[in-house]
Structure formats: C-alpha cells, structure tokens
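Colleague: Given next are the chains, with one letter for each unit.
2 protein chains.
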Amino acid sequence: MKYGIALFPSKRIQDFANSYRKRYDSHYALIPPHLTLKEPFEADDQQIKEMVKELRKIAAETDLIPLKVTKFSSFYPASNVIYLKVEPNETLQRLYERLHSGIFADKPEYVFVPHITIGRDLPSAEYADVYGQLQMQKVHFEETVDRFHLLYQLENGSWTVYETFLVGGKEQE
Amino acid sequence: MKYGIALFPSKRIQDFANSYRKRYDSHYALIPPHLTLKEPFEADDQQIKEMVKELRKIAAETDLIPLKVTKFSSFYPASNVIYLKVEPNETLQRLYERLHSGIFADKPEYVFVPHITIGRDLPSAEYADVYGQLQMQKVHFEETVDRFHLLYQLENGSWTVYETFLVGGKEQE
Chain A
0 MKYGIALFPS KRIQDFANSY RKRYDSHYAL IPPHLTLKEP FEADDQQIKE
50 MVKELRKIAA ETDLIPLKVT KFSSFYPASN VIYLKVEPNE TLQRLYERLH
100 SGIFADKPEY VFVPHITIGR DLPSAEYADV YGQLQMQKVH FEETVDRFHL
150 LYQLENGSWT VYETFLVGGK EQE
Chain B
0 MKYGIALFPS KRIQDFANSY RKRYDSHYAL IPPHLTLKEP FEADDQQIKE
50 MVKELRKIAA ETDLIPLKVT KFSSFYPASN VIYLKVEPNE TLQRLYERLH
100 SGIFADKPEY VFVPHITIGR DLPSAEYADV YGQLQMQKVH FEETVDRFHL
150 LYQLENGSWT VYETFLVGGK EQE
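The listed protein sequences derive, respectively, from chains A and B. When you line the first sequence up against numbering that gives the first Met the number 0, it's residues 0 to 172, in that order. When you line the second sequence up against numbering that gives the first Met the number 0, it's residues 0 to 172, in that order.
Please note that the accuracy of each hint is not assured.
Once the Cα atoms are required to be at most 20 Å apart in a straight line, the calculated SDA-like pairs of lysine to any residue come out as [as the list claims (entries may be wrong)]:
| hint | chain 1 | residue 1 | chain 2 | residue 2 |
| --- | --- | --- | --- | --- |
| 1 | A | K106 | A | M50 |
| 2 | B | K52 | A | V144 |
| 3 | B | K10 | A | A42 |
| 4 | B | K21 | A | T159 |
| 5 | A | K1 | A | L29 |
| 6 | A | K10 | B | G156 |
| 7 | A | K21 | B | H26 |
| 8 | B | K21 | A | E154 |
| 9 | A | K10 | B | A42 |
| 10 | B | K21 | A | Q152 |
| 11 | A | K21 | B | V138 |
| 12 | A | K21 | B | N155 |
| 13 | B | K52 | A | A59 |
| 14 | A | K21 | B | S157 |
| 15 | A | K56 | B | L165 |
| 16 | A | K48 | B | G167 |
| 17 | B | K10 | A | G3 |
| 18 | B | K1 | A | F15 |
| 19 | A | K10 | B | L153 |
| 20 | B | K10 | A | A5 |
| 21 | A | K10 | B | Y2 |
| 22 | B | K21 | A | G156 |
| 23 | A | K52 | B | D145 |
| 24 | A | K10 | B | P39 |
| 25 | B | K1 | A | M50 |
| 26 | B | K52 | A | G167 |
| 27 | B | K10 | A | Q152 |
| 28 | A | K48 | B | G168 |
| 29 | A | K1 | B | L153 |
| 30 | B | K10 | A | Y151 |
| 31 | B | K10 | A | Y2 |
| 32 | A | K1 | B | S9 |
| 33 | B | K48 | A | T143 |
| 34 | B | K10 | A | S157 |
Don't read these hints as lab results, they were simulated from the structure. Keep in mind it's a predicted model, so treat the numbers as computed, not measured.
In isolation and in its complexed conformation, chain A is listed as follows:
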C-alpha cells in the first residue's frame, strides 16, 4: 500500500489554504491542506507495523512544532506548484531528517522546503497570472502543531488517515 506522512495546520490555515486550493489545486478533493513530511512510499503490512512503532518513538522525542506561514511562493521553474511558505525551523528539520533515515531511509534527499501547496497543474499563462496576484498578498500565521499523521492512499488517489502521532510529550497527558 502507498503511505505518506503529513502534518495538518490548524483549521484557520486549512480554511485559508482551501479558499485558493478550490480554484488552483487539482488535489483539492483528495486530501485536506497539509505540509508533507514524507513523500508517498510503498510499504507492506509488516513494514508498516514496524514503521508505526518507530513513528511513536520519533513522536515521543519530538518537541511541539512551531509553524510560521509568511508568504506565497512557488517552485517555478522546477514546477508550477504555488504554496504557502512555512519558515524552516530546527524541530521541523530534525523531524524531517528522522523520517528519512533508519528504516525510513530512501532516495537521495532533496533539500526540505516546508510548504503547504495551494496550486498545481495550472497552465503556464494562468500560473503566471495567479502567482503574480498572490505574491502581492500579505500572509501571516503563527501557531504550534502538536501532531502529525500517517496516511494511506486509496485507488481514487485520495488519502485516509491511518494514525495520529502526538509530539511534545502529549502522549503522557
């Protein structure tokens, strides 16, 4: 089965992101607004059991995650993806690294650019127009996130949450 690991920002950020995703993101109906911590990967039942154990351990050792959204940005020219930029921080970076090492090790790593996608698959002309407008908008959200999620993909491309992992010592509460 195909799994992925993501973090959902608060409802207010999700609602804000969706107001754009509705028009600009072809994945709008497949998953709520999110920050990808690990790109989709294949795992069988036995592997995922081991991974869940490891994720619990990683979560227990992860602090509350600061989330600061500061502007619209884009991966252009690499891709036409438009996103809400999330300021990198040590907790997020460390979590990302742990999700890409040990049993989670995979392909040569890209630099981690934390982001919440709000647009993709736009034709070039529309992309330029939309991005031009968004760049001028002010965006500022600051919050703390206390959980991340392991999800799996259905045949129609949509994602179902498999399990939640609480960080910042929340499991003990």
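Could you slot chain B onto chain A? The hints should help.
Modeller: Frame of chain A, contents of chain B only:
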C-alpha cells in the same frame, strides 16, 4: 468547531465503496468511506480536550471491532440514502452507546443502524433505478477494525482527522 467520530473500514472496502460513491454520493470528495459512530456535534477547545481524554479511556476499554458487510440497503422512505449494511454486533453497539452517554450525551437517541453510505441526494427516479440494481448485487466483506477517529469539519464541508484511537489493547503494543 464541528466534530464527528467515525471508523474507516479497510482500504479494500473503502475502494469498493468509492467505486459507487463517485457516482452516487454528494459527499464523495468531503471524507473517505466511513461508518459514522457519532453524528457531527459542536465542541469548543476545552470541551474537546476533555472529550479526547474520555475517548482514550473508551478506546482502551473497547475490544477489536468485527465488521461484516452483507448487502446494499437504504433508509427509504425516511431518506434516499443508499448504504452498505454493516451487521450489528455487541462491540459496535457498546461503543456507540458510550459515545452517546456521559459527556457525549446528546439528543434523544435513534436506533443505531451501522452503515457505510454510498449514495445520497439522488433524485427519486435515479434513486429507484440505482437502488434496484444494487439490491441484486452480492456483497460480502468480513474484517476486524482496530481504530476509530475523531474528525473536525472545515468551512468547505470536508473533514480532517484530529486524532486516532486504537482499540483492542493496541495502545500497549
């Protein structure tokens, strides 16, 4: 915020349900195929904190949940909803009752009819046609579910998972 409690069946049942929901369920893009354990309810941050604690306790005291899907059925004439019938069982019934008593107590209870909706909001003529066809189909799934989820609703009507609760002593594994 508006919350709900649901159980997701396995991927194979979700894929099966989605093959119908895609055409017949207006909520197809809002939430993966699910069995509702508690209808949407309002709760503030403080209330939900208490409820999460209670849900952990309930989950710890709940056995693995048998899930047996046996046929297509409908709530007609009460509504045009078409669903996959889930055979009632003691574990499911007991869980439902606990999610409707104590701090979860709400309106006068309906009888709990466990189901996975696959069609709704169909015009009467289409409903009759679709339901007529589905009724003749054989359906049989049997599995065990080891978790349920607390979700919250975004402004666009879609649902994001807030937290997973493992049953059957899974937390201790």
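Colleague: Each hint: holds or not?
Modeller: Now the hints, each set against the structure:
no., hint, result
1, A:K106 x A:M50, "holds, 17 Å"
2, B:K52 x A:V144, "holds, 18 Å"
3, B:K10 x A:A42, "holds, 14 Å"
4, B:K21 x A:T159, "holds, 16 Å"
5, A:K1 x A:L29, "holds, 14 Å"
6, A:K10 x B:G156, "holds, 12 Å"
7, A:K21 x B:H26, "holds, 16 Å"
8, B:K21 x A:E154, "holds, 12 Å"
9, A:K10 x B:A42, "holds, 14 Å"
10, B:K21 x A:Q152, "holds, 16 Å"
11, A:K21 x B:V138, "violated, 35 Å"
12, A:K21 x B:N155, "holds, 9 Å"
13, B:K52 x A:A59, "holds, 18 Å"
14, A:K21 x B:S157, "holds, 12 Å"
15, A:K56 x B:L165, "holds, 16 Å"
16, A:K48 x B:G167, "holds, 16 Å"
17, B:K10 x A:G3, "holds, 15 Å"
18, B:K1 x A:F15, "holds, 17 Å"
19, A:K10 x B:L153, "holds, 6 Å"
20, B:K10 x A:A5, "holds, 19 Å"
21, A:K10 x B:Y2, "holds, 12 Å"
22, B:K21 x A:G156, "holds, 12 Å"
23, A:K52 x B:D145, "holds, 15 Å"
24, A:K10 x B:P39, "holds, 16 Å"
25, B:K1 x A:M50, "violated, 32 Å"
26, B:K52 x A:G167, "holds, 17 Å"
27, B:K10 x A:Q152, "holds, 8 Å"
28, A:K48 x B:G168, "holds, 15 Å"
29, A:K1 x B:L153, "violated, 25 Å"
30, B:K10 x A:Y151, "holds, 8 Å"
31, B:K10 x A:Y2, "holds, 12 Å"
32, A:K1 x B:S9, "holds, 14 Å"
33, B:K48 x A:T143, "holds, 16 Å"
34, B:K10 x A:S157, "holds, 11 Å"
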